[in-house]
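Q: Quick note: the sequence shown uses my numbering, first residue 1142, plus one each step.
Simulated from the structure, these hints should not be mistaken for laboratory data. Take the hints with a grain of salt, since some may be wrong.
Label-pair ranges, simulated between beta-carbon atoms [what the hints assert, rightly or not]:
id, residue 1, residue 2, range
1, Ala1275, Gly1398, 26 to 32 Å
2, Arg1613, Asp1331, 39 to 45 Å
3, Gly1185, Ser1272, 26 to 32 Å
4, Asp1331, Ala1166, 48 to 54 Å
5, Pro1441, Asp1383, 19 to 25 Å
6, Asp1667, Pro1443, 40 to 46 Å
7, Asp1319, Gly1616, 44 to 50 Å
Cβ coordinates follow ideal geometry from the N, Cα and C atoms, glycine included.
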Amino acid sequence: MSVCGAARAGIVINELLPDPPGSDAGHEFVELFNTADHAVSLAGVEFQFANGADLQPSWQTRWTATGTDSICALGYFLLVDTNWPGPSAGDGQVRLSLQNGPDAVRLVIGSEVLDLVGYGELTGPDFFEGSPVAAASGLSLARRPDGRDSGDNGADFLAAAASPGFTNFPQYALEIQDWGCEPPTARPHDRVTVSADLHNTGLRDLQTEVLLLDLGGRRFEASVAGFPADAKRLVRWEIQPDGPGRPALRVIAPTGGDPDSLVVTLGRLQVGRGELELNEVQAAPDQGEGEWIELACTGPQPVSLAEYRIRDEDGGWRDLSPQWLGPGELVVLAADTVSLGAWYRENRAHGDPLLEACPEAPLLVELAAWPALNNSPPQTRDYCDRLWLADSLGVIDHLKLLASGGGDGGVPLPEDGRSVERTSLALPGGGTESFWRPCATGSGGSPGCAPREISAARGGDWMFLPDRVLDRRQGPLVLEVAVTIPATAAGFTLRVFNLWGEQVRTVGGDGAGPGSRLCHWFGDDDAGMQVAAGGYIVVGELQSDRGQTLSRARTVVGVR
């Protein structure tokens, strides 16, 4: 890095790391840069430090160059702390003992000050040139570009990832400031909008009007109106994923220079089911149990909850506890585990038939800083709340909660305090009404209880109703209908008619492909009113991917 000779001139402090990540000892460094087009000798140059807490700087010499130390033209000289681990070898090693700020460093030769840099909240003008640079924990303070010296530290330096012995800022670079997908997860062939806030952190303009998004080898284009150095752009791509999986999303930016393109990874898009899913949500409790969210491990391997986080529309990300969950196991995140546990034991002991088949003590985990779910839309939006479940690579499941009147792309919350639950663990991910229903238990929730999978047995070869008579004298009306969509069909519809052939209620339906579903009819019509006593016909239709009816099943039920 530095084996040259000649006169001294044009030497600046180019980068320094006074507050490294973790322990400071052994990881601090100061990088010098020669702005001249010829080699420069460092003989007699001293590097000095001053404590910014003093009223006037009291300079302490930390290092003095030897007669053989020099810097090549436009080259670097790296001064490192004792026990320096790398990544670059140092040209000089000494105990630097820099402080985190406010402090100052300088280069001198005799009485001549070659360069002065102050960082942190300094006030004395003898500690800095122009204005001090803001201190940054874990990041270096680096000139942009290398060697720039306008006489103002605050204008010349930026916080940056440390690059000891190398260029502070590359000619071409792209930084991801934020990104997301809408919807956050998808089914195969869904249309998805990918948005990214990008910052051109390179020193040169990107000579392109198109940015590419690579999705598992398929590329999609988005137009940009130029991309100058230090500019920021919000870029959107419209994509359509193929089969299930978790393909990477990579931005490809042509540069017009060398290299000819930049590639940065946004994260991954969950297509189809993930390994951990939202399974049941109680956003509007009315029995003192508090809000709760049930998660299900749906993958073939155990998962560590510590690798995941969750958030709602109005709050920040919350890390989950270091708890392992095996395949098929459930965990309930609760605002208050004590109240929820007491509610669960009371309802199970009082004969809720669906809870009797559930675990005696479900796995309850209290989530710090509970997100406080909304059960009615704020004035700023037309839905109540949204939930995102994610790992370090991106969102793996999501759910939009709507008001009881419904809406698009979400799940309506019941008005009677019941939770909403996924109709089957066999369904793909995604928060749409077709895949979720109000909980059918008499107690209004089933935390820690797996969705019920019922094999087709009667009422048709793919539709099964375990009960044929609903009696209001025995409690709220709930008709459970299990459907098993064969490989030859793409989806189904499920409707209720009266004996005169008039449609009473659309119970469910989707085009999600083969698999099992669990639907519920609560004895109401499409207007939300309870039906009169009498006979009703439940009609299910299997449909092709073009909406054609492939098969029809009918079953008569009675309401008392």
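Q: Does each hint fit the structure? Answer for all of them.
A: Right, here's what the structure says about each hint:
1. Ala1275 to Gly1398: 26 to 32 Å: Check passed, 31 Å falls within 26 to 32 Å.
2. Arg1613 to Asp1331: 39 to 45 Å: At 41 Å between Cβs, range holds.
3. Gly1185 to Ser1272: 26 to 32 Å: 29 Å Cβ-Cβ, so the 26 to 32 Å window holds.
4. Asp1331 to Ala1166: 48 to 54 Å: holds (52 Å)
5. Pro1441 to Asp1383: 19 to 25 Å: holds (22 Å)
6. Asp1667 to Pro1443: 40 to 46 Å: Distance hint for Asp1667, Pro1443 holds at roughly 44 Å.
7. Asp1319 to Gly1616: 44 to 50 Å: holds (49 Å)
Going down the numbered hints, you'll see the structure goes against none, and every one checks out.
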